[in-house]
Amino acid sequence: MAVEFHRSNPKRARENRNSRTKITTLAVILIWLVLIVQYGNIMIPGTPAAARSSAPLFERGPILDRRGRILAIQTNLDTITAWRPHVRDLNETARILGDILDQDHRRIAERLVASPGFVTIERTITPSQSRRIRAELKQGNLRGIHLQPDLGRSYPEGETAAAVIGYSGVDNVGLAGIEYMFSEHLLPPGLAADQQGSSMGNQVFLTLDLAIQTAADDLGKRLLSDHQADAVMILVAEAKTGALLAMSSQPSFNPNTFHSYSREARKNPAISRIYEPGSVFKVYSMASFLELGGITPESRFDASRAYSTRDGGFRITDIASYGMIGPREVIQYSSNVGAAFASEAVEEGPFYTMLSAFGFGSPTRIELNGEERGLLAPPDRWSGRTKPTLAIGQEVGVTALQMVTAATPLANEGILLRPRIVDRIVSPSGEVIQRFSRDPIRQVLSPATVDLMLSYMESATSPGGTARRIRLEGVSVAAKTGTAEVFDPRQGGYSDTHFLASTLALVPARDPQLIVYLVIDHPRGEYLGGRIAAPAVGELLNFLAPYYGIPRENDTPLDHSGRIVIRPNPLPEVRDTMPDLSGLPLRSVLPLLGRDDLVVTIDGSGYVVGQRPPPGAPLGEGAEITLELE
1 MAVEFHRSNP KRARENRNSR TKITTLAVIL IWLVLIVQYG NIMIPGTPAA
51 ARSSAPLFER GPILDRRGRI LAIQTNLDTI TAWRPHVRDL NETARILGDI
101 LDQDHRRIAE RLVASPGFVT IERTITPSQS RRIRAELKQG NLRGIHLQPD
151 LGRSYPEGET AAAVIGYSGV DNVGLAGIEY MFSEHLLPPG LAADQQGSSM
201 GNQVFLTLDL AIQTAADDLG KRLLSDHQAD AVMILVAEAK TGALLAMSSQ
251 PSFNPNTFHS YSREARKNPA ISRIYEPGSV FKVYSMASFL ELGGITPESR
301 FDASRAYSTR DGGFRITDIA SYGMIGPREV IQYSSNVGAA FASEAVEEGP
351 FYTMLSAFGF GSPTRIELNG EERGLLAPPD RWSGRTKPTL AIGQEVGVTA
401 LQMVTAATPL ANEGILLRPR IVDRIVSPSG EVIQRFSRDP IRQVLSPATV
451 DLMLSYMESA TSPGGTARRI RLEGVSVAAK TGTAEVFDPR QGGYSDTHFL
501 ASTLALVPAR DPQLIVYLVI DHPRGEYLGG RIAAPAVGEL LNFLAPYYGI
551 PRENDTPLDH SGRIVIRPNP LPEVRDTMPD LSGLPLRSVL PLLGRDDLVV
601 TIDGSGYVVG QRPPPGAPLG EGAEITLELE
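At position 566 of the sequence shown (counting the first as 1) the number is 566 in this note's numbering, and the numbers step up by one without a gap.
Everything labelled a hint here was simulated from the structure, so no lab data went into it. A portion of the hints provided could be inaccurate.
[Said to hold, decoys possible] Restraint-style ranges between C-beta atoms, simulated for each label pair:
(1) 602 / 184: 39 to 45 Å
(2) 293 / 525: 41 to 47 Å
(3) 259 / 413: 44 to 50 Å
(4) 464 / 630: 32 to 38 Å
(5) 375 / 442: 38 to 44 Å
(6) 613 / 91: 50 to 56 Å
(7) 91 / 439: 55 to 61 Å
(8) 86 / 628: 15 to 21 Å
[Said to hold, decoys possible] DSSO-like, lysine-lysine: derived pairs with alpha carbons at most 30 Å apart:
(9) 240 / 267
(10) 221 / 267
(11) 221 / 240
In this text, a Cβ means the ideal position worked out from N, Cα and C, and glycines have one as well.
Work out the full structure: start from the sequences and follow the hints.
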C-alpha cells in the first residue's frame with residue numbers, strides 16, 4: 001500500500017491559529033460583557049433593575065384610633081423613575097409629569113438633566129396619578145419613564161390629627177409624631193427601616209376617638225375662619241384616666257403631602273407652643289392658695305379698687321368694681337384684683353412648689369416628640385410683681401397640654417395624672433403586647449380643696465359668671481374663662497391687639513368625666529374668652545355629653561340585659577322569577593353559589609346593592625345572576 005505525504009503550508013496554519021484565537025477571544029469578551037451588564041443591573045445603584053429590587057418588602061403596622069378606625073396604613077403605591085438614555089424629549093416629558101404631579105416642570109427637567117442614568121422622579125404617588133401616567137405610557141408619550149412598585153404610607157383621614165399621627169418619609173422611616181416615637185413597634189421586630197423582610201409590624205391604637213377628633217377639628221376650622229384667628233387649639237381628655245380623646249390644632253397639614261408644608265406648619269402646637277395663659281390660670285393659683293392655707297373660703301379681698309405693689313410702681317385692675325369678694329367670686333367673675341390680693345397670703349417658695357406640683361415648668365412626658373417644658377422661673381429670679389402677676393396667669397409660659405394635665409387633680413381627688421395618647425400595642429395576630437393604663441404621678445390637692453374649686457368653677461357658669469355662655473342643658477359644668485394679653489417683643493410690652501381667648505371646662509361639675517380646653521390665638525374683632533371661647537366649648541360639650549354617655553337631668557334611664565339578638569335575613573325563594581335581594585348580607589346570599597341550575601357571580605362583600613337581572617325578571621335553567629355587594 002502506498003502512502004502519500006503532503007507538506008503543510010506553514011503560513012496557512014498560522015492564519016488558522018490566529019483566526020481561532022481571535023474568535024475565542026471575542027467570545028470570551030462578549031460573555032464577560034454580558035455577565036458584567038447583568039451584574040450591574042442587579043447590584044449597581046442607578047439602573048432600572050437595581051431600582052426595581054430595592055423596594056423594602058416589610059409592612060409597617062397601622063395606626064388606629066381607640067375604636068380601631070384606621071389613621072395610618074401601609075399601601076402599595078408606585079414610584080416614578082426615569083432611565084435617562086431612553087428619554088427622548090426631555091422638556092415634553094417634564095411638562096407631562098409636572099402636570100400630573102402638580103409640580104413645576106422646570107424642576108423635573110433639572111433633575112433629568114442632572115442625572116446621566118437612573119433618577120427617581122417622585123416616590124409613592126397616588127393611584128390616580130399612576131393611572132394618568134400609565135395612560136401616557138400607553139400612548140408612547142413618556143419614553144424612558146417607568147412606574148415601579150413601592151411601599152408607601154397612607155393617611156386616609158388627611159389633616160385629622162396630623163400633628164399627633166405624624167408622618168414617615170422615604171423607606172418608611174418615621175419622622176414625627178406617633179410614626180417617629182413608636183417606629184420600633186410599627187416595624188417588624190428586629191427589622192431596621194433599611195433592611196428587607198417579609199414581616200408585618202405591630203398595630204398602635206391611640207387614645208384618640210376619631211368622632212371626637214373630627215368634631216374638634218371641624219369646630220376649630222370654623223372658629224379660625226369666623227374670628228380670622230391665627231390658630232385654634234382644642235383638647236379633650238378623659239378626666240379619670242388622662243387619655244386624650246382629641247388633640248386638635250388648626251391650621252393643620254396633610255401628612256400625605258407633608259413635604260409641601262414648612263417645618264413650622266408641621267409642629268404640634270398643643271405641646272410646642274408656649275404662651276401666657278391669662279385668667280384660666282387662676283384655677284391653679286387660687287387652688288394653691290387654698291391648699292397652702294393662705295386663704296380660706298371665708299377670706300375677703302377688696303376688689304373695689306386697683307391692686308398696687310407696695311412701691312406703687314405696678315397696678316392690676318379689673319374691668320369692673322366687684323367690691324368685697326371671696327375666693328368663689330374671684331373665679332366666678334375672674335377678678336384680677338382679688339387674685340392679686342390673695343397672692344399676698346402665701347410665701348414665694350411654697351407658691352412656686354405648688355405650681356411645680358401641677359406640672360408647670362416641666363414636660364408632661366406624653367408619648368410625642370417636640371414637647372416643650374414651659375417657663376416657670378424659680379423664686380430667686382422673681383421680682384416684686386411676679387407673685388401677683390403669676391396669680392392672674394402672667395410671667396408663666398405653658399403649653400395647652402400642661403393646662404389640661406394640671407386639671408386632672410380636679411377629677412381625681414387631687415391626684416395629678418400623666419396624659420396618655422397611646423392606648424395599646426397589638427401584634428399582627430391580635431395579641432395585646434402592651435397596654436398603657438392610668439398613670440398617677442403625685443398628690444397635688446386635698447379632696448377638700450378639689451370640692452371647693454369645682455364649686456367655684458361651677459359658679460362661673462351661672463348667671464353673672466364669665467362662663468355663663470356655656471349652655472349645656474341638664475348637665476352641670478365647672479369652667480374658667482381667660483383672656484390673655486400677648487407680649488410683643490417689638491413693642492417691649494403687651495400688645496394692644498393680640499390676645500388669646502380661652503376656656504377650660506370639666507363635666508359634670510361634681511364628678512368630672514371629661515376635660516375640655518379651647519384656645520383661640522389672636523382673634524380679630526371680639527377677643528374676650530367668655531364671649532367667644534366659652535360658647536364654642538358649650539357647643540362641643542353638647543356633642544360630647546350624649547356621645548360619651550354623660551346623662552342629663554331629664555334623661556329617663558332604661559335597663560337593658562345587654563344581650564342583643566340579631567334576626568337573620570332569610571334568602572327569598574329563587575325559582576322562576578328573580579326576587580329583590582337588595583340589602584341582604586353576604587352570608588344570606590352565599591347558598592346561591594351551591595345551586596347547580598344557576599350561574600351565580602358575587603362581586604364584593606358586605607350587603608347587596610345591585611343585581612342582574614332586576615327583580616321580577618323571569619329565570620330559566622342555567623340563568624346567570626350577578627350580585628354587587630358593598
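Checked hints:
no., hint, in the structure
1, 602 / 184: 39 to 45 Å, "holds (42 Å)"
2, 293 / 525: 41 to 47 Å, "holds (43 Å)"
3, 259 / 413: 44 to 50 Å, "holds (47 Å)"
4, 464 / 630: 32 to 38 Å, "violated (55 Å)"
5, 375 / 442: 38 to 44 Å, "violated (21 Å)"
6, 613 / 91: 50 to 56 Å, "holds (54 Å)"
7, 91 / 439: 55 to 61 Å, "holds (60 Å)"
8, 86 / 628: 15 to 21 Å, "violated (42 Å)"
9, 240 / 267, "holds (28 Å)"
10, 221 / 267, "holds (17 Å)"
11, 221 / 240, "holds (28 Å)"
The earlier numbered hints that this structure contradicts are 4, 5, 8.
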